[in-house]
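Enquirer: Protein sequence lines correspond, in order, to chains A and B.
Take the first sequence: its position 320, counting from 1, is numbered 312 in our numbering, and each next residue is one higher.
Going from the second sequence to our numbering is simple: count from 1 and add 18.
Be aware that a few hints might be false.
Here are the simulated BS3-like pairs of lysine-lysine, each with C-alpha atoms no more than 27 Å apart in a straight line [said to hold, decoys possible]:
| hint | chain 1 | residue 1 | chain 2 | residue 2 |
| --- | --- | --- | --- | --- |
| 1 | A | 180 | B | 119 |
| 2 | B | 119 | A | 401 |
| 3 | A | 182 | B | 133 |
| 4 | A | 344 | B | 51 |
Rather than coming from a laboratory, the hints here were simulated on the basis of the structure.
If you want the building blocks of each chain, they are given just below.
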Amino acid sequence: MKSMFGKILGGVAATMVAFSAAAADTVKVGILHSLSGTMAISETSLKDVLLFTFDEINKSGGVKVGGKPYMIEPVVVDPASNWPLFAEKAKQLLEQDKVAVVFGCWTSVSRKSVLPVFEQNNGLLFYPVQYEGEELSKNIFYTAEAVNQQAIPAVDYMLGEGKKKFYLLGSDYVYPRTTNKILKQYLKLKGIPDSDIEEIYTPFGHTDYQTIVASIKKFAAGGKATVISTLNGDTNVPFFKEFANAGLTSENCPVVSFSISEDEFRGLPAKELQGHLGCWTYFMSIKSPENSKFVKDFMAWLKAPKVTGTSYNVTGIDAKGRVTCSPMNLSRMGVYLWKQAVEKAGSFEVDKVRTALIGQKFKGPAGEVTMQENHHLVNNVFIGETLPNGQFKIIKTFNGVAAEPFSEKFLK
Amino acid sequence: MTRFLNKKESLILAIVSFLILVVLPCLNAFVPKESFFHVSDFTINVYGKYLCYAVLALGVNLLWGYTGLLSLGQCLFFALGGYALGMHLMLMIGKLGQYQKDIPDFMVFLEFETKYAETGGLPPHWMPFRSIWFAVLMVIVVPAVVAYIFGFLAFRSRIKGVYFSILSQALTYAACLMFFRNDFTFGGNNGLTDFKFILGADINTPETKRWLFIASGVLLLSVYLLCRWLTSTKFGLIQRAIRDSENRVLFSGYATAHFKLFVFVLSAVICAVGGALYVPQVGIINPSEMSTDKSLEAVVWCAVGGRSTLIGPMIGAISVNALKSWATRAFAEQWLFMLGGMFIFVVLFMPNGIVGLPAQLKALKARYIDRKKSGEEPAPVDATEPAPATKSAD
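The following block holds chain A by itself, in its conformation from the complex (with noise of 0.2 Å):
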């Protein structure tokens, strides 16, 4: 009785998606964000910027196969913030609605979990959040930064300003982890001494960062200390306050963070983190023809926001203090690569699109990216100091870093 309950839903889904199917000269493509849950707060504007390039993409003439041009057809489903349903919505994804490509993802383990998923239906992932690495699966295709692409030229510019002794903090999950691993054998080649690198981690959601505040102050008593920081999201109030309270600024201890860009301070009062430092791949401030234009065109769109060429109809936009970030022009990326890639391959087929992304080269908002052969780009590193109005400005460029995924090939 209960299974026929279930059947009877199933049934009418299913019909669902055979009524969508029926439209002519589309491509289905999910977009696999939370919009509900703790990390709605950052993918829903993932969600957001897809809807915008695919109506960008449809606007100007859809994906083009073998000269017939393919209106691309969003299928958003809401993972929830729940791991196991990642899983279940990336299944339906690529079993039910058979879609092309998903865009999605954004903590670490949500990735691992729909990972067997992709690899068991040869599906195709972009993935456009900074990580860890040290993973290379052949159905995702990741246009984050790689820690060699963030951490490391960070790092390096904490070098170059004569710093000398790192403080590493972050929350307790496996990308600060993984990352403090990597830059303490990195600051060791340096000529760093253990004795000059702290490293700690704290819960998410923690708040009292007393303790930790004093032992950075005495750590940056002597001068020429920096606080490399890992901390995410509504953790970074607290620890800036605290930061600030005890006498610490960015002249004396600055702090690099890592996971907070503009799309953060929407949610974080960015006077607190004046001077700070942050290190993306792009940055909203960034003065190019292709940024201006993204971001002019992204703020009309949010304004009526639609997806050309399809039925779908755009709900649940808040247009309010929109602003663009380093995942946002990486998630857009991925859907122009991965058009290109459809173009050149002259099909939606996943292993011929997977050879043709190898090499294909888009000039983006922050300057060409390229697709390497390890399923990561080669793109220009920015380090930028935080403005109270929750903007960056930039004070260093790293042209055409190439990610690698697997540290041990960097720290050689």
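Based on the hints, put chain B in the right spot on chain A.
Expert: Chain B only, in chain A's frame:
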């Protein structure tokens, strides 16, 4: 079986079991994909998951619906069971992980190779989990022990009602925070994932998923029969007496704490076994399964399906999750409002859930006819009068 199930019930149960355990898997395995009657691998996989949720709901309901103990922490046991089996599955990956080492990936990046050098990087308490039998034993033993200790302390101190609920919630939250810590050696935030083999079979193939679905069905059936039998015995009667008026039972000379402790441990084991079968089907177990909202969700399933019955929680678990699966795809932006609205409706207007609906409609109809007949004030028939809770157990 005939003792506690009448003929009609046995027949229905046999038919439903046959449909779930034989017909559905056969439609998946032998009917060609193009056929209308084909059941997709996806359906089998998600329904296997729901069957495990139904086991969890039965565990919650044995406590709540039958003994009056509202535990908001049963997912702790569900997750503990999952972790125990997950640990075994982690060790079965072998060298197929990203780092191609003998130990699971997360142990490599946490530098366990230097921390636990004498055992080759594997923490000592992980060693025996190489054996599936040990893992299965732990699926039962660990949650039982945790439940026994917590239950012993709680019931001996006569902690009841809302205080018990809050404590159980605190317990699972504390465990969740503990498992989040990477130093706790259970994979931290990422938990255990990327399983490759179970009992030597590739865990991601449709065949394995089908067998796991059948196993979940068998488990649900066994747990249902166990609960059905238990609630029909004298023990079940005392259980319900405790629910309705614990003091009277106490003054009649029964040590209610012992009864409650037994039910609590049994419920924990039921949840844990459900969790153990859940993990290979979804492919991941991590601390967020222990978060308090998961346990609350399980209580909601019981409420939606109808507590104080055994069928209700199963229907609730399966239907709410099926609805969620469907709505997160069909109404990705609005599904939370839909589900939330439904829960509010159920709580306000359907106190006996889905299974109580026929009785409720009957009562409404009777009232309507009454009013028509007399043309006066309606007879004071309470539409929300609880359905006879003991009916299904008699």
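Enquirer: Now tell me if each hint is right for this structure.
Expert: How the hints compare with the structure:
no., hint, in the structure
1, 180/A - 119/B, "holds (25 Å)"
2, 119/B - 401/A, "holds (17 Å)"
3, 182/A - 133/B, "holds (25 Å)"
4, 344/A - 51/B, "holds (25 Å)"
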